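Protein chains in written order, with the working numbering: chain A, 1 to 246; chain B, 1001 to 1310; chain C, 2001 to 2398; chain D, 3001 to 3250.
Source of the hints: derived by calculation from the structure; they are not laboratory data. It should be emphasised that the depicted structure is a prediction, and the values quoted were computed from it without experimental measurement. Treat the hints loosely; a few may be bogus.
Calculated pairs, DSS-like style, for lysine-lysine (alpha carbon to alpha carbon, straight line, at most 30 Å) [unchecked claim]:
| # | chain 1 | residue 1 | chain 2 | residue 2 |
| --- | --- | --- | --- | --- |
| 1 | C | Lys-2287 | C | Lys-2331 |
| 2 | C | Lys-2196 | C | Lys-2378 |
| 3 | C | Lys-2264 | C | Lys-2289 |
| 4 | C | Lys-2217 | B | Lys-1126 |
| 5 | C | Lys-2378 | C | Lys-2368 |
| 6 | C | Lys-2331 | C | Lys-2065 |
| 7 | C | Lys-2100 | C | Lys-2323 |
| 8 | C | Lys-2209 | B | Lys-1126 |
| 9 | B | Lys-1126 | C | Lys-2391 |
| 10 | C | Lys-2287 | C | Lys-2264 |
| 11 | B | Lys-1126 | C | Lys-2138 |
| 12 | C | Lys-2378 | C | Lys-2289 |
Beta-carbon label-pair distances, calculated as ranges [as the list claims (entries may be wrong)]:
| # | chain 1 | residue 1 | chain 2 | residue 2 | range |
| --- | --- | --- | --- | --- | --- |
| 13 | B | Ala-1076 | D | Ser-3095 | 45 to 55 Å |
| 14 | A | Trp-59 | B | Val-1286 | 28 to 38 Å |
| 15 | B | Gly-1148 | C | Arg-2142 | 38 to 48 Å |
| 16 | D | His-3206 | B | Val-1286 | 17 to 27 Å |
| 17 | B | Phe-1100 | D | Ser-3119 | 27 to 37 Å |
All C-beta atoms in this analysis are idealised placements derived from N, C-alpha and C, irrespective of residue type, glycine included.
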Amino acid sequence: MANVLEQLLNALALAGLLFLVSAGLSLVFGILRVVNFAHGVFYMLGAYLGFTTVALSGWFWPALLVVPPVVGAIGALLESSTLRFIYRRPPIYQLLLTFGLALILEESIRVLYGPTAKGVDPPPLLQGAIDLGGVLYPRYRLFLVVLGCTVGVAVWLFLRKTRAGLVIRAVAQNSEMADCLGADVVRVRTLVFGAACALAGLGGVAAAPMTTAYLGMGIGVIVDAFVVVVIGGLGSIGGSMAGEEE
Amino acid sequence: MIPSRLWALAALVALAVVPWVLARHQLSLLTDLLIAGLFAMSLDLIMGYTGMVSFGHAAYFGLGAYASALVLLHFAQPVPVALLAGALLAGAVAVPVGWFSTRATGIYFAMLTLAFAQFLYTVAYKWRDLTGGSDGIAGVPKTALFWGGPSLTSPHAFYFVVATCVVVSLFVCLAVVRSPFGRALQAIRENERRFTSLGRDPRPFKLVVFVIAAAFAGLAGALFAPFRGFASPEVMFWVFSGQGLMMVIMGGIGTLVGPILGAMLFILIQEVLSSYTEHWMIFTGVVFVLIVIFLPGGLVGTARRLGARA
Amino acid sequence: MRRRDFLKISVAGAAGTSLLAAPRYLRAQGPIKIGMPAALSGSYAQYGIQAKRAADLFSKDIKAKGILGRPVEFIFEDTAGDPAAAVRKAQKLVEKDGVKFLTGVALSSEALAVSAKCPEWKVLFMSTINGAGALTAKSFHRYFFRVNTSGPMGARAISLYLAESPMKRFFALGSDYAWGRDSAASFTQQITAAKKDIVGSDYPPVGTKDFASYIAKIRQSRAEGVYLALPGQDATIYMKQAHQFGLNREVKPIMEILELENMKAVGDAMVGAIGSSRYPFTVDTPKNKEFVKRFHELHGMYPDMFDGETYEGLEWLAQVIAKAGTDDVEKVIEAWEDSTYEGLEGPFLMRKCDHQAVQPGFAVECVKDPKYPHPIPKILATYPGDKVTPKCRTEEFS
Amino acid sequence: MTPLLETRELGRAFGALQAVAGVNLAVQPMELRAVIGPNGAGKTTLFHLISGLLAPTSGRVIFRGDDVTALAAPARCRRGISRTFQITSIFPELSVLENVRVAVQLKAGDNFRLLGGRSVLEASEQRARDSLRLLGLIDRADELASTLPHGDQRLLEIAMAVAQEPELLLLDEPTQGLSPEDTVATVGVIRQVARERKLTIILVEHDMDVVFDLADRISVLHFGQLIAEGTAAEVRANADVQKAYLGGLD
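Isolated chain A, as found in the complex:
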């Protein structure tokens, strides 16, 4: 019984991280019709920037707030300087472009941080393990479960209850709707891409204390996220939540 609880919590903690990545991947496919190969690298970027923020400030919490917008801004910048020009081409060009971007970003991170993994300590509050009726369970993982649920609910509320969310859902369901958005379509794409990257960045920051920040973590996560997204149905954000259950 205790074992089942432990396995369940493990699955939830990982699913929380994976959700942050696959939700963005799904969102980008839904709105931009782009399979973003570089998405995992934004997750990695989040982890490394998280390391830097913790190193500079000595605190973990600011990283959770500061890093996602920064990653989102970098993503939006890349979208508007490269992807924006090739939406009319066959999908393979966009996929390969993001492949190229992934190479560039991954190597840039290596230049800046060196080849060694960067460890990030969890905040003191979340260090060590807690006794859950006979099971010693890491506090930080429990935090990941909570974080995953919170962000999941927040994204769901955003999509269901706000006007912007309505537009996004409409476009995701019917790609021709993008044309109806008229002049705004350029901005919507950039914002969605940026938001998706920010989610991935948040996932990266949250993952760092558990897995450390290391090169190749982006590639690892993107494969899992693809699986989640394909199982859940490409382009459906709710689907990527459901796909987590594995």
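Once you have looked at the hints, place chains B, C and D on chain A.
Same frame as chain A, now just chains B, C and D:
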């Protein structure tokens, strides 16, 4: 404009003459470029002519490499036997994979081929008794050209084997894309629904071309194993599949010759840059991104457009 | 400026001074070239970079006198950890640059691929990093020399240590590829021979991000120690997670190799782990103290295992070339066989039968020391070379 | 006389939506039949059901006396049903000639000639040229299909279908998006094709002038159901039809 027959003739003469001009390491490099070119060209057959983007083409290169390595190492057969074995194994494995994958289209096809390729990679990685696992199979010899014939260990001899294979493969592929079958493939690429409504199910066509492309990739792999002297799971990894796609785009999708040049360019960039800096990946990435944005036709496509305009 | 030119300049000073000193006929022969097809990018870059750091220090040290009065030139090529690229780069070094000595290859798969080509190229391959037992057993040939402690030797050292420890029950966790499985098998064999129990084993795939289920399994097995043969990144992640689960307090982590890189990345969670070390920089010999000091002056850090092992290899190679009086590969091979060398950790002997350097083996523990910015390896036990080196051309111990 | 094409209680539902319901059609050889109806009446769905691109949820399709309901689109095409699409459906990056030639080749067979096959190419090219001549596109044979003006692309699509020498030709709004002059020209071409090739044609059309000009008989669909059938005059006089159109035009 110079007619393409003249270009072809010039290229053939150049391929025949360069070994006597080049230094030894340049000849090795050229052999390497040709093998990569054959791999990229085989990918273009499905990607450029049929519109099927495979994200797992490296698996067939790898299958060819392993088959060839095992034949040469354990049975000491002449090189052509190993080449045949490589092409056949890759083609044979592509039959069931293609049968499943061609049920999907577009990005789903890409993901399915990727999944199958990763599965094959895992098999190569884990079946240590046969494949040597992560260590691979080292010490693959360059045997003779035929039973009792002279050994191909000299760089020149092996270069000519590779060059012959690449040239013959190119002509075969050119003939295929110009045949009734090849024309049907291009119609599938252009408009699959229209194709269906004109009286044929596209799937058998896709399956056949998938198998042909895999066999040529297998041939490239079968040349690679004796040339480099080993086979290892890395050559089946999806990164290599992705690089294959990059080579095709850089050289010019749907031109067959373009991907060969694209592969050469890709490896040359890597070769030159990696002597200056270990951060060569960034530059390769930048060059690639620029080509995707500004030269969607790749080298050959752009050259043709300029030629047509002039 | 070309990077290669830049690298040459790092030895040009040596060339300048030594050329003046050298007789005219030697000058005409040009520098002694050592090719390093190393993984400088990609997931395994840290090993290639260690080799490069060692080479940088060595070229500084040898600057004044050179080898046989000739300057030494290192030529680096990046393999990105890919065996295909490694062979291509090695071939280029041999055919284009005329290199006669290859070293700095990081991965075993790369080493096996490159080494197999060396008899054809007639160049000497000096391993300073590669652990695969096969290199000096099944795949051995006369152009191959291994200066470093091999994987089986490391496993042997830690097994000898554990045989004397009070711990009785062990769990083996090896990465699911050649090195991980071989190490776990070798450990299992030796622990069983020492009349102790392996109570479980498992093989997580390379690149595992979540070790929670393995951690649960290890805890359930009630093992006293867990033997870990995980590559750099995976080991880092495992140690972090095991610490968070509180497992490290219950089950002693025993690392196949205990690297400084891991200690830096994991930090305090690593303290208490024991394992074998191919070269712990804390070895208390005058020669090593001197080396660590010079290394720290140049690079601003303490040397990791392959910094030390590669430096030893280069120094020994220089000594052998000097002894042979030529850089002719066949003569160097003859001169190297059965020769001895005073390494950083103690005496080395190059066995003629399989070209494995016989050298001391170490069991170490990761400890905190206020003198250092990160945890360091503390030596628990040192074993003489004849105890930790396998029988000739095998991976077995007597 | 047995009809060339018959549908019996043919129906297709998309979830709760009954796009086509219980349609009984009988088209005689050499007849030119028009199917009309307001937007969303199920005309294109009916075409998909006849050509086999969609499987029916009820009823059957009988062609030349054989039940072809179970056959997929390619097989029905090979039996002699060729079609065009409402949204122009051609092979844009192939030449005009190649578009039509492939159409001939696909129907004729011998598609798996991997090498050579020159004779196959030449045989089908001859028929393709004939078809292009008939449709007045022969002068543009070597141009890329994507560079043709819209009207010519519509004609090209008809040329592809005609070149297959079908017995039954399904034309889905052939004048869609055409200027009045082009419409007149296209109507003339269709009439000529029907006469020269002795084709049976079913035509979906919005433009009533075209319909009344061309069709022998007219079938009217409304909400998926056949509400009237007859000659132009009969249909014009039908009260249900008037109601449907007036209701549909509010």
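Hints versus structure:
The suggested pairing of Lys-2287 of chain C with Lys-2331 of chain C holds, with an alpha-carbon distance near 28 Å, which does not exceed 30 Å. Only pairs whose Cα atoms come within 30 Å are accepted, and Lys-2196 of chain C paired with Lys-2378 of chain C is accepted, the gap being roughly 25 Å. Taking the CA atoms of Lys-2264 of chain C and Lys-2289 of chain C, the gap is about 21 Å. The hint holds against a cut of 30 Å. Restraint check: the Cα-Cα separation between Lys-2217 of chain C and Lys-1126 of chain B comes to about 23 Å, which is no more than 30 Å; the hinted pair holds.
The straight-line distance between the Cα atoms of Lys-2378 of chain C and Lys-2368 of chain C is roughly 9 Å, inside the 30 Å bound, and the hint therefore holds. Restraint check: the Cα-Cα separation between Lys-2331 of chain C and Lys-2065 of chain C comes to about 21 Å, which is no more than 30 Å; the hinted pair holds. Under the criterion of a C-alpha separation no larger than 30 Å, the hint pairing Lys-2100 of chain C with Lys-2323 of chain C is consistent with the structure, at around 17 Å. Only pairs whose Cα atoms come within 30 Å are accepted, and Lys-2209 of chain C paired with Lys-1126 of chain B is accepted, the gap being roughly 19 Å.
Restraint check for Lys-1126 of chain B and Lys-2391 of chain C: the C-alpha separation of about 28 Å stays at or below 30 Å, so the hint holds. Using a Cα cut-off of 30 Å, the hinted pair Lys-2287 of chain C and Lys-2264 of chain C holds, with the two alpha carbons roughly 25 Å apart. Between Lys-1126 of chain B and Lys-2138 of chain C the CA atoms are separated by roughly 20 Å; this keeps the pair inside 30 Å, and the hint holds. Straight-line distance between C-alpha atoms of Lys-2378 of chain C and Lys-2289 of chain C comes to about 15 Å, which keeps the hinted pair within the 30 Å bound.
The hinted range of 45 to 55 Å is satisfied by Ala-1076 of chain B and Ser-3095 of chain D, whose Cβ atoms lie roughly 52 Å apart. A beta carbon spacing of about 36 Å between Trp-59 of chain A and Val-1286 of chain B agrees with the range 28 to 38 Å that was offered as a hint. Take Gly-1148 of chain B and Arg-2142 of chain C: their Cβ atoms lie about 29 Å apart, and the range 38 to 48 Å is violated. At about 52 Å, the CB distance of His-3206 of chain D to Val-1286 of chain B disagrees with the hint of 17 to 27 Å.
Checking the proposed 27 to 37 Å range against Phe-1100 of chain B and Ser-3119 of chain D shows it holds: the Cβ atoms sit about 35 Å from each other.
The structure shown violates the earlier hints numbered 15 and 16.
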